[in-house]
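All chains should be built: construct the whole structure from the sequences, respecting the hints.
For the sequence shown, position 117 (counting from the first letter as 1) is numbered 117 according to the working numbering, and the numbering increases by one without interruption.
No wet-lab data here; the hints were simulated from the structure.
Treat the hints with care, since some could be wrong.
DEER-style ranges, computed between Cβ atoms [what the hints assert, rightly or not]:
no.	residue 1	residue 2	range
1	P139	P101	49 to 59 Å
2	D138	P114	18 to 28 Å
3	G12	K102	50 to 60 Å
For every residue, glycine included, the Cβ atom is placed at its ideal position computed from N, Cα and C.
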Amino acid sequence: MPASMKKRKLMGEINVVPYIDVMLVLLIIFMVTAPLLTQGIEVDLPKANSEPIESVPDHEPLVLSVDAQGNLYINAGDDEDKPSSSQKIVTLVSTILERKPKTPVFVKADRAVPYGNVVGAMVLLQKAGVENIGFVTDPLDTYPVPE
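And the structure:
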């Protein structure tokens, strides 16, 4: 009988080495991209006991950030990490809301910012046509504070 006609015995094992390689590559990709997914500008958020707002599918939220110096940043457009002017924010937000009216809008202000600056940011959003504004806060600490 020729060698090509010889029956092969079936192997009942799965070679898992390629799967481990793929998983390690995916792990490295997620480890590298995870820090890039944080949004916007570093601000020291106030703490509040509130319920999370439900996200709207297929609508990336707009976040207007106010840093400790009172500079305004918007997470849309070309220069997300540079301060934006009032007019640019109004124009950008109104354009986005015309395209996607259900886009959620949030204000993320540093706890050291005077209340007037936060109200000024909200007025800009109102001029742009925003009807509902959410505030981004840190959750309260759940551990009791010793007296």
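Right, here's what the structure says about each hint:
1. The given range of 49 to 59 Å is broken by P139 and P101, whose C-beta atoms sit roughly 30 Å from each other.
2. A C-beta distance of roughly 19 Å is found between D138 and P114, which places it inside the suggested range of 18 to 28 Å.
3. G12 and K102 have their C-beta atoms about 54 Å apart, which keeps the hinted 50 to 60 Å range intact.
Violated hint for the displayed structure: number 1, the only one.
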